[in-house]
Amino acid sequence: MSLLNAPALWLALLAIPIVLLYLLRLRRRERIISSTLLWQQVLLDREANTLWQRLRRNVLLLLQLLTLALLVLALSRPYVETAGALRGRHIVLLDASASMQATDVQPSRFEAARAQVRQMIEQLGPGSALSVIVVDHAPRALTPPTNDTGELLSALADAQPSLSSANWSAAIALAQAMAGGDSAQITVVGDGAGDIDEAGAASPLALLDGAARFIPVGLSGDNLAVANVSLRRTAGGLAALVQIDNSGEQARDALVSVRVDGVLANARTITVPAGASATWTVTGLDLRATSVHATLQAEAGNWLAVDDAAYAVHAARRMRRALLLSRGNLFLEQALRLLPELEVTRAVTPPVLPPSGQEFSFDLFIVDGVSITLPPQAHALYIGDAAPFTVTGQFSNTAYVRTEAHPIVESVDWRPVHILSANLLDSPDWLKPIVQAQGGPVLYAGQRLDTPLSAPYASGRVVVIPFVLQQSDLPLHIAFPVLMANAIEWLAPAQGADIPLSVHPGQVIPLPPNSAVQRPDGAVVIVGEQGFAETMQPGIYRVALNNGQMTSERAFAVNFFNRAESNIAPRLPAHAGAADPASDEAGAEIAAHELWRWLAAMALLVLIAEWWIDQRGAPTLNLPRAGRTPKT
Amino acid sequence: MVSESFLRSLYGLRLASFQRRPGNVMGERRSVRRGRSIEFADYRTYTPGDDPRRVDWNIYARLERPFVKLYEDEQDLTVHLLLDASPSMHWRDERDIQHNAPSGKWTRATQLAIAIGHIALTSGDRLIVELSNRERFGPRQGATATAELMSFIEDQSAELNAQELTGAAGPNRPALSLNSWWKRYALDVQPGICVIISDLFDPQGCNEGLTALVSARLEVRVLHTLCPAELEPEVVGDVCLKDSESGAAQEVSIDEALLRAYQNRLRAWSNSLNEQCRKRGARYHLTNTGAPIEQVVLRDLRREGWLI
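Order-wise, the sequence lines are chains A and B. Per the numbering used here, the very first residue in the first sequence carries number 372; after that it's consecutive. Per the numbering used here, the very first residue in the second sequence carries number 24; after that it's consecutive.
Okay, chain A solo, but in the shape it has when bound (with noise of 0.2 Å):
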């Protein structure tokens, strides 16, 4: 046995206090008596009685010295090892993503891992140190490495799961720096499932290369998800899509409930056959329609709750006016056509503009080829020798190598395109190269920076594409009309301010400042500097833009939508196997066992039993006390 608290041995010390108080209580009141003969032969016929008194007087100071010397033993706080305990460094990894709330573990997967990561902190033997990670989509210690179980248990009390899918790749690296080399064990809890990004590229887990252990949770793999919502306006009014997921191993019955502004408008049973998805296409809304809520109910196979539901904003959606100063592209006009709430004005020379600091007729200048001054604030594209930025030569080296996360290429496919040469520009540092190929950038984004700061109007975006249309083959390809369309959205968005429609959870929404955001909830929360980031809670989200002197309404959706989480069944990474930590390597060490308790409970039944034996030798009630001496 061993003592974490060694220094709490000198507590001992309280015993001569005790002590002395006990002689000092041993000074018995005296008494003049007439004669003390017999009381002296009383004494010597009952020797033994005697004896016996002295120890019962023994007995309780002997008890009250056994109830401090227990009670200082436990703040030492002694141990007893025994098989099963965790030494060295310990990194545990929580995985705390949105998949963990599923119950086919009761009362839940998280709880269940919790249940895990708390014995292993009290498994924790003298001497070492633990950490706990929480991974979701950005993990963070809650604290650093520590042999302190009750600041552990504490803190580890306090995580919650959240809506999102966990960041393992930034999880691991904060887990490598704090294990600081070799010497730590890194230790993954969770269901595996959602940590394989849609492109089936490996898990980030392999980083750990074999030297993490994995503590599954989890059963089973059954869940229906409303996967999508999404709304349409028909001749015959607005229609609804709705897109079921079943990521069990059984065909599933779901009752899809639609609602329309909080009204039920329509609810049908759709069979999900098992792995697969099925839609519904709700037709007839009404126009005037602002959200639609989509909800499913399953009787079984629906472990995950926190994707049953799904929304979506219907915007009132306002026409946009462009400005194509061009000598002519028919691809260009033909795409730009094709595009909704857009209206066109096709010019050859450049109109005369009201001076910087006013209000434009147009949201958005499309300039192909054509030589122009725009203000700052302008949001403008341009194509081929267009850009006024300066030419520094030509390449055509054009063979595609990267394309740059931006949302004017999602769901572009560049690698296809074949361009005859392009313009190497001079570009400011705002400007990002967004598609690079060989022999420079063929795509640039990005939004001035040029602007003053004191200018009551945002600045423009700029999107440059620096070659001529006609001199590549991408008006051929589909990537041309998708990178129309995200280009015009992301210049001049349709609800008039760079507000999504729909978001996940915990994304950041570019708001401006003062704004006021009503969440689901009721509660209304007035946008700061840095944006809104309350978006946790799945719903419409109502917003009252603040935008210089004009206030308008606005909303959007934040919904669950993550097929990698709603996909619960819980996957081991390829080259770690299920560890149980009472019988890996690690888990046949040596475990600390704390005493204190037991050593508490003690003191306590011993104090009792003190106090009892006390009672017990003393008086009956009818006889007085000892306490006069009488005078002679």
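A couple of the hints might just be wrong.
[To be verified] Chain A residues, not near chain B, derived (Cβ > 10 Å throughout):
id, residue
1, Ser525
2, Glu620
3, Asp632
4, Ala647
5, Gly740
6, Pro852
7, Gly877
[As the list claims (entries may be wrong)] Example chain B residues on the side facing chain A (calculated, C-beta under 7 Å, incomplete):
id, residue
8, Ser111
9, Trp114
10, Ala185
11, Val262
12, Cys263
13, Leu264
14, Lys265
15, Ser267
16, Ala271
17, Glu274
By construction, these hints were calculated from the structure, which means they are not laboratory data. Computed from a prediction, not measured in an experiment: that's the story for all the values here. Glycine residues also receive a C-beta, built at the ideal position from the N, C-alpha and C atoms.
With chain A's structure known, arrange chain B on it following the hints.
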């Protein structure tokens, strides 16, 4: 000390003498001496010098040998009253202290002494009273001496109380142990009845003294006087008991079991004293000072046969 009505109720009582003792002067008690009373006692052979008037001539006529008639001799009886005045007899218990009264035990002892002395004086016996501090009253004879006896005891009580209060040893000789006192008393004493009033608290016991008194042809009667606080003590808890005479301290933790043991010990001590007295031909009686004086004298002592 005692009421006059109580003294009157004692009239007619006298101390029973279980033995006949020779006296000094003519009295009302039969004596072992053959005397000149009219009560025939025995015959004996005539020896020269006998009074010829006591020769029984009828016997001489029949047996032709002279015999002298012997008659009972009625002589006086000396009553010795030994009153223990040691500090333990003056000890005041809780009740006395609460009522700010003098020691109930000493008061009762003096009442008993006056009652027995009064009985002895009124029945024509000679009375000698001696306290353990060797103060002596008597010898006196006649009922009129009762007042002197009461005055003597009151004076002694006042003096002893003063000594107790001041803690001074006093001008008188210090109290002896019971054995020393009684052995000294037995050295020069007229045979008679010896009534001892004492609590008998003496570490050395009193057997030797008793033997000495009995050997001096005294008919010893021990009136063992204990107060209720000694018979049934109420002291409990952790106390340091201090002896009122020796000042010796005895630390003791008193509980109910120890109180029971004390009473058993007290009972055994009383039985032992009774046995010692019986062996020596003495009488023993234990009296509780809490009982009324009338009950003790008129009922208990008469039941014991001490008074007739």
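Results for each hint:
no., hint, in the structure
1, Ser525, "holds (50 Å)"
2, Glu620, "holds (81 Å)"
3, Asp632, "holds (87 Å)"
4, Ala647, "holds (89 Å)"
5, Gly740, "holds (116 Å)"
6, Pro852, "holds (106 Å)"
7, Gly877, "holds (74 Å)"
8, Ser111, "holds (4 Å)"
9, Trp114, "holds (4 Å)"
10, Ala185, "violated (13 Å)"
11, Val262, "holds (4 Å)"
12, Cys263, "holds (4 Å)"
13, Leu264, "holds (5 Å)"
14, Lys265, "holds (5 Å)"
15, Ser267, "holds (5 Å)"
16, Ala271, "holds (6 Å)"
17, Glu274, "holds (6 Å)"
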